[in-house]
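A.B. asks: On the provided structure of chain A, position chain B as indicated by the hints.
There are 2 protein chains.
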Amino acid sequence: MKLAVDTLGGDLGSPVIVKAIKSFLSKHNDVEIIAFGKKEELAELEGIATIVDAPEVVPMEAGALEVLRMKNSSMLNAVKQMKENGYDGVVSCGSTGAFLSSATITLKLIPGIKRAALVAPFPTKIKGKKVIILDIGASNENSGEELYQFAKMGRLYYQGVYGVEEPKTYILSNGLEEGKGSPSGKEAYKMLKENSFPGFKGNVEARYALSGEADVIVTDGYSGNVFLKSTEGTAKIFSSLLKDAFKKNLWSKLGYLHVRSGIKNMTEIFDYKNTGGAMLLGVNGVVVKAHGSSDEIAFESALDVAYKMNKSGVVNKIKEAIN
Amino acid sequence: MKLAVDTLGGDLGSPVIVKAIKSFLSKHNDVEIIAFGKKEELAELEGIATIVDAPEVVPMEAGALEVLRMKNSSMLNAVKQMKENGYDGVVSCGSTGAFLSSATITLKLIPGIKRAALVAPFPTKIKGKKVIILDIGASNENSGEELYQFAKMGRLYYQGVYGVEEPKTYILSNGLEEGKGSPSGKEAYKMLKENSFPGFKGNVEARYALSGEADVIVTDGYSGNVFLKSTEGTAKIFSSLLKDAFKKNLWSKLGYLHVRSGIKNMTEIFDYKNTGGAMLLGVNGVVVKAHGSSDEIAFESALDVAYKMNKSGVVNKIKEAIN
Numbered sequence: 001m002k003l004a005v006d007t008l009g010g011d012l013g014s015p016v017i018v019k020a021i022k023s024f025l026s027k028h029n030d031v032e033i034i035a036f037g038k039k040e041e042l043a044e045l046e047g048i049a050t051i052v053d054a055p056e057v058v059p060m061e062a063g064a065l066e067v068l069r070m071k072n073s074s075m076l077n078a079v080k081q082m083k084e085n086g087y088d089g090v091v092s093c094g095s096t097g098a099f100l101s102s103a104t105i106t107l108k109l110i111p112g113i114k115r116a117a118l119v120a121p122f123p124t125k126i127k128g129k130k131v132i133i134l135d136i137g138a139s140n141e142n143s144g145e146e147l148y149q150f151a152k153m154g155r156l157y158y159q160g161v162y163g164v165e166e167p168k169t170y171i172l173s174n175g176l177e178e179g180k181g182s183p184s185g186k187e188a189y190k191m192l193k194e195n196s197f198p199g200f201k202g203n204v205e206a207r208y209a210l211s212g213e214a215d216v217i218v219t220d221g222y223s224g225n226v227f228l229k230s231t232e233g234t235a236k237i238f239s240s241l242l243k244d245a246f247k248k249n250l251w252s253k254l255g256y257l258h259v260r261s262g263i264k265n266m267t268e269i270f271d272y273k274n275t276g277g278a279m280l281l282g283v284n285g286v287v288v289k290a291h292g293s294s295d296e297i298a299f300e301s302a303l304d305v306a307y308k309m310n311k312s313g314v315v316n317k318i319k320e321a322i323n
Numbered sequence: 001m002k003l004a005v006d007t008l009g010g011d012l013g014s015p016v017i018v019k020a021i022k023s024f025l026s027k028h029n030d031v032e033i034i035a036f037g038k039k040e041e042l043a044e045l046e047g048i049a050t051i052v053d054a055p056e057v058v059p060m061e062a063g064a065l066e067v068l069r070m071k072n073s074s075m076l077n078a079v080k081q082m083k084e085n086g087y088d089g090v091v092s093c094g095s096t097g098a099f100l101s102s103a104t105i106t107l108k109l110i111p112g113i114k115r116a117a118l119v120a121p122f123p124t125k126i127k128g129k130k131v132i133i134l135d136i137g138a139s140n141e142n143s144g145e146e147l148y149q150f151a152k153m154g155r156l157y158y159q160g161v162y163g164v165e166e167p168k169t170y171i172l173s174n175g176l177e178e179g180k181g182s183p184s185g186k187e188a189y190k191m192l193k194e195n196s197f198p199g200f201k202g203n204v205e206a207r208y209a210l211s212g213e214a215d216v217i218v219t220d221g222y223s224g225n226v227f228l229k230s231t232e233g234t235a236k237i238f239s240s241l242l243k244d245a246f247k248k249n250l251w252s253k254l255g256y257l258h259v260r261s262g263i264k265n266m267t268e269i270f271d272y273k274n275t276g277g278a279m280l281l282g283v284n285g286v287v288v289k290a291h292g293s294s295d296e297i298a299f300e301s302a303l304d305v306a307y308k309m310n311k312s313g314v315v316n317k318i319k320e321a322i323n
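These protein sequences, in sequence, are chains A and B. The numbering used here puts the first sequence at residues 1 to 323. The numbering used here puts the second sequence at residues 1 to 323.
Isolated chain A, as found in the complex (with noise of 0.2 Å):
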């Protein structure tokens, strides 16, 4: 298996990306890795993977246009070699926005696939569970239709990583009864139903998204940002008031000590950075997008999701299902 890895980007910078391709390397003797990125900051990984300097850094804030006209970046390299190459995935902590088109139009959408989906993993209630949910920001309108195809992706991918024969598929909804919901997903609601799509259970609230009943929840991408982040933002705001709380006086301090291995625990559920990040469901191609602010840790699962997308050969299934 090859995967290439974009190292520049990141908030943290290369070293980390460094630290986790060689603590994944470590554990996979069936995995080659090809680094794009400043070579000088990738003397660590000689001889045991293939360095291409690729030095321009692709900012933040890029969009399509630009990232296509910067042939010196990491981000862009590591997603035309893969191509070119036949690669087996591309891994990047860079740009959002910059990597998901480049990926995007350099390897093509499945034939069948009306749009590509973001798909994320969520922590839940039940210990372990996680919830994948689809799309979370690829695209900023969904119709009833491409909602319908998000489902069969999401299952395929719930199956192939999870290993859940049967994964139980969601509608995100204002409501359980199948009036409710936004036009596309009142359409994908009947269109799910007509077809006795499998393992289709109907509409999930927003607030039991996480409950850990569901196993895939399908929604338009603009609708799956606004879920995102503001999980995200409340999971913060919530540890801020924890710390406040616990930093009151020097009896409350010490009352920390006893509770910090439960509250660690707590916020490790509700911590991206151990999730491997977003994977681009729908192209031809594992493409998965570490977190801005991944530390080695998280670009490591990252690197474990490309692998095991491979492994259970996620896009051949697309492809099948669709044609």
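If you are wondering where the hints come from, they were derived from the structure by calculation, not from laboratory data. One or more hints might be untrue.
The list treats identical chains as one, so a pair stands whether inside a single copy or across any two.
[To be verified] Okay, derived cross-link-like pairs now, SDA-like style, lysine to any residue, Cα gap no bigger than 25 Å in a straight line:
| no. | residue 1 | residue 2 |
| --- | --- | --- |
| 1 | K114 | P183 |
| 2 | K125 | R207 |
| 3 | K180 | P59 |
| 4 | K190 | A64 |
| 5 | K83 | P59 |
| 6 | K130 | E232 |
| 7 | K125 | L250 |
| 8 | K22 | K308 |
| 9 | K236 | D11 |
| 10 | K247 | Y208 |
| 11 | K80 | K317 |
| 12 | K193 | G63 |
| 13 | K127 | K247 |
| 14 | K201 | E61 |
| 15 | K247 | G212 |
C.D. replies: Using the frame of chain A, we list chain B on its own:
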């Protein structure tokens, strides 16, 4: 000031509503309450409020047509008599769908208003500071023009109820830049910018919505509902994880004693019971929807909101601003 109160349909039954009314009236001698419900359950209000026997309870899942047929229901009578007798507001903790639709059909939209919007205050990172978000679920879909009107109504509401002269108004979006957002959000952005809408600050991402920077955030009803419920869901999961952390052993239980005031403060910030429910803006009258799970305190805050909305003349200000 005369307020119609629907005492049925809440999760905790009419006794908490009766207590809330009594407590509210003890603080406001300029208000007359007309209480609709089961006469025998309202005996305690005799002599201090007008009691109207309307014993039918509108079921939680009732739709518009259903409630309009329930001639003996406390909800429909409260709404109808408010209109017929010119009361100054109506408050209910019954079925949201039934209450909003019966109020909109009976009271009618303010001429010029395209759609009513449900608005609610949210807690922020800044203690005591609220941000209001609209629409959080009166519609499934909204046009840019409707969002523009929501900005106007939200501004007038924030000015009236919170006494802030120049509220900072944002559009909920998936990115800060002007080109980001849902189709209706982008349209509204253009209109707000072209009309130099006072206090308009551009887009805000869902993750920063509760940071305390924004006063008013406009969004379509579907996305607003997703925001509301994902915030609520995340806060609930966090609270339950927190409880588990403290239950671990005797030491963690002792630790809790030292931080409980801080934790209590934190959960209060996220307790929607303290915010007085949601208000329907754009109709001819003050319409306040208290939470279905309202306790005495929650319902009294809802009454307080109806009182403040009247005192500040928000409805008339919206009429003037639109025409």
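A.B. asks: Take the hints in turn and mark each one as holding or not.
C.D. replies: Against the structure, the hints come out as follows:
1. Taking the closest pair of Cα atoms, K114 and P183 come within 25 Å of each other both inside a single copy (18 Å) and across two copies (19 Å).
2. Taking the shortest alpha-carbon separations for K125 and R207, both the intra-copy value of 12 Å and the inter-copy value of 21 Å come in at or below 25 Å.
3. Only between protomers do K180 and P59 lie at most 25 Å apart by alpha-carbon distance; the minimum there is 17 Å, versus 40 Å within a single protomer.
4. Only between protomers do K190 and A64 lie at most 25 Å apart by alpha-carbon distance; the minimum there is 23 Å, versus 34 Å within a single protomer.
5. Taking the shortest alpha-carbon separations for K83 and P59, only the intra-copy value of 22 Å comes in at or below 25 Å, while the best inter-copy value is 58 Å.
6. In this assembly of identical chains, the alpha carbons of K130 and E232 lie at most 25 Å apart whether taken from the same copy (15 Å) or from different copies (19 Å).
7. For the identical chains of this complex, K125 and L250 are inter-copy neighbours only, at 24 Å across copies versus 32 Å inside a copy, given an alpha-carbon limit of 25 Å.
8. In this assembly of identical chains, K22 and K308 lie within 25 Å of each other by CA distance solely inside one copy; the values are 18 Å within and 62 Å between copies.
9. Taking the shortest Cα distances, K236 and D11 sit within 25 Å of each other inside one copy (18 Å), while across copies they are farther apart (31 Å).
10. Proximity of K247 to Y208 under the C-alpha cut-off of 25 Å is restricted to the inter-copy arrangement: shortest distance 24 Å between copies versus 32 Å within a copy.
11. For the homomeric pair K80 and K317, the shortest alpha-carbon distance inside one copy (23 Å) is at most 25 Å, but the shortest distance between copies (58 Å) is not.
12. For a Cα distance limit of 25 Å, the shortest separation of K193 from G63 across copies, 23 Å, qualifies, whereas the shortest one inside one copy, 38 Å, does not.
13. Taking the closest pair of Cα atoms, K127 and K247 come within 25 Å of each other only across two copies (16 Å); inside a single copy the shortest separation is 28 Å, beyond that limit.
14. Proximity of K201 and E61 under a CA criterion of 25 Å is satisfied inter-copy only: 19 Å between copies versus 38 Å inside one chain copy.
15. Taking identical chains as interchangeable, the C-alpha atoms of K247 and G212 lie at most 25 Å apart only when they sit on different chains, with a minimum of 22 Å there against 32 Å within one chain.
The structure is consistent with each of the numbered hints, conforming to all of them.
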